[in-house]
Amino acid sequence: MNLLNVVNGRWVVVKTFRGGRGMQRRLAQLGFLPGNRVRIIRSAPFHGPLLLEVEGREIVLGRGVAAHIIVEYL
Amino acid sequence: MRFVLVGQPNCGKSTLFNQVAGYKAETGNFSGTTVKFKETKVRVLGDIVELVDLPGTYSLLGTNPAERVVLDYLIDQRVDVVINLIDATHLSQGLLLTLELMELGRPIVLAINMMDEAVRQGITVDGEKLQELLGIPVMPMIASRGQGVRDTFRQAWNAAVGKEKPIPQPYSGEVEKAVQDIKDNLKKKVFPVSRRAIAIKLLEGDPDITDRVKKSDKTVGKKITSYLDSLCHSSTQQAVWMIAGERQKMAHALKDKASHQGESQLSLRDHLDDILLHPFFGYLFLVLIMALFFWAVYGIGNWLEEPLLSFFDGLTARLLSMLGSSGLLARLLAGTIQGIAGGIAIVLPYLVPFLIGLGLLEDIGYLTRIAFLTDALMHRMGLHGKAIVPFILGYGCSVPAIMSTRIMEDKRDRFLSAALVTMIPCAARLSVIFGLVSFYLGPWAALGVYFYNLVVIAAVAKVLTRFMPEDSPGLILEMPVYRMPTLRTVTAKAWFRIREFVVEAWPLLIAGSVLLALLNYFSVTQYLDLLFRPITWVLGLPSQVGTPLIFGIFRKELSMVMLAQALGTTDYATVLTAQQMLVFTVFVVFYIPCISTIVTIRNELGAKQMWFITGLSLLVAIIAALITRILFVVV
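From first to last, the protein sequence lines are chains Y and F.
For reference, each letter of the first sequence is one residue, going 1 to 74 in the working numbering.
For reference, each letter of the second sequence is one residue, going 1001 to 1635 in the working numbering.
FYI, nobody ran anything at the bench for these hints, they're computed from the structure.
Note that CB positions come from ideal geometry on N, CA and C, so glycine has one too.
Treat the hints loosely; a few may be bogus.
[What the hints assert, rightly or not] Here are a few chain Y residues that face chain F, going by a calculated C-beta distance under 7 Å:
1) Arg25
2) Leu33
3) Val60
[Stated by the list, open to error] Pair by pair, the computed Cβ-Cβ distance ranges are:
4) F:Gly1205 with Y:Gly35: 18 to 26 Å
5) F:Ala1564 with Y:Gly22: 51 to 59 Å
6) Y:Val13 with F:Phe1434: 52 to 60 Å
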């Protein structure tokens, strides 16, 4: 499943990415590496972006980007 | 000697730079504001040192143009010492970059910033332990208060003079073997950095460096490919992930050994997002904060504008009576004063409070929150949340709005938001809407113009995105924690932007004003009217409004001020019908951006984009005004 299917507040672990190499690198440097834990802190209404906690940082990802991150529950 | 500042976004690097450089750089919480790097001269231990502030970068992977600049600079330029700044509250993330920087083999000093914030969060960082583990000088710092800055620069000077090369941390197993092997195959002295760093970049698949190495040595190229293949076979991951994973392991280990998480003293600001990002209250506060912001800016601007304008009017009148004529010289002089007055009395009273307010919102960290809240709305227009910032700014002045498109990485996003932003009625156009529509037709008509403006902009966005489909995947940004802004960084940043206006746009304003005085003197206005005649005819406007429209390109409010001269009366109701007023105002709101804006577009985006946006705005203005004319007849 991808990040969009995750329930807010539950911790998940990053498995892999879809999408282009450039974006993979950008996500990796923000802490979205395979094996790292991620949690949705909150999501903006009207189908807005997600606020995520990863590696102690708060990162905002648009839904288009979040759909590229494949995760599973801990 | 040259010192280079390197750090991740939001680590306080620009604050540090402003502390030592004074009024020379800008800072911000919005990730990646500093796209161009800045430099200054600093005195360290009696030596004059060049200090270069590189854009914030999360890693040396070069994933966007700003990050590429950092990597290229560090690899190719002469650098005597790297000052690496990291955020004490995000130690392991910061150390990822430190580990990469150490691989370059250049002298390096590590400064751990925001020690006060760390204490608040219950984090203790043992700098001495970290120094021992990394083998490089480690200095604690609170850049916003200037603590530890002097010591860090002295330490950097020592490291530069002693040419103290850091010893990089080894990776484990397969990865380290591959790095060593590629390194041994590289020729010496092709790059001014260590061969180890180049070997790692090759394994990570950096396209630029791979090209350069392959050009100088063909055999190495084959070697790299075979290594990439074998690493891929031994693991399911690409080499670049394996290396990133290795660094993360090291960084975590370092953090565990050198810092301790104790009881944190959480306060109100840690719960602020529960309100400010709330699905309902978040938007309520957004509207309130923005309303307060504009109320303050217009209040201050208005309060300053009137006395300043009357001062300059008085000055002009006195000078003209002193010269005792309305000859060419007097006209030229009056034109010059009007140009200067335009900058001092009309632009700066709004621009200065506007930029200070914006700087505050930026440094507190609220701009990123606005992007988060409005991303969904902006997507409807084919943009993402970051584009809301120029839109908000656009209601004040298009110039800072265009400048603020820098926060977007994607060229297409920048262009699209710049094109749309020029159509937002700025403070100058507000004076036309209020002076003409609101005064003669009532406030509801003025509100109608604002609403109609938004509808047209949304329609233009729809059409433009059809030709320029959205290719960026969407919003990716770091949400900074709320921070107390410091006076020094806010004023330094505002000053930096004001200087851009003063140096680049103001001279043109004065030149334009002088030119207009000349045109007026030789009474060529009826020929100017002809220039706009096709448009004024289509829109059903009197031909005399042509000249005010041309004047309006220099300064938007002139299109109304000059109307009095052109029509021969200040009571517009006697010469213009309600329909004509509305059509004229709609046209003024959209047509050709003012000279200052045009110049800013050229500086920020390029000449081709400038011509396109200018042409587009004229086309949109004609269509929008024509629709108004037709609507008026139908309704």
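Task: Outcome of range test on Cβ distance (alanine 1564 of chain F, glycine 22 of chain Y; 51 to 59 Å) - done: holds (56 Å)
Task: Interface hint for valine 60 of chain Y, Cβ within 7 Å of any Cβ on chain F - done: holds (5 Å)
Task: Residue hint leucine 33 of chain Y, partner chain F, criterion CB-CB below 7 Å - done: Result: holds, 6 Å to nearest chain F Cβ.
Task: Interface hint status, arginine 25 of chain Y versus chain F (Cβ within 7 Å) - done: holds (5 Å)
Task: Distance restraint hint 52 to 60 Å, applied to the beta-carbon atoms of valine 13 of chain Y and phenylalanine 1434 of chain F - done: holds (57 Å)
Open item on the list: Verify the CB-CB distance for glycine 1205 of chain F and glycine 35 of chain Y against the hinted window 18 to 26 Å.
Closed with: holds (20 Å)
Hint check: no violations occur; every hint is consistent with the structure.
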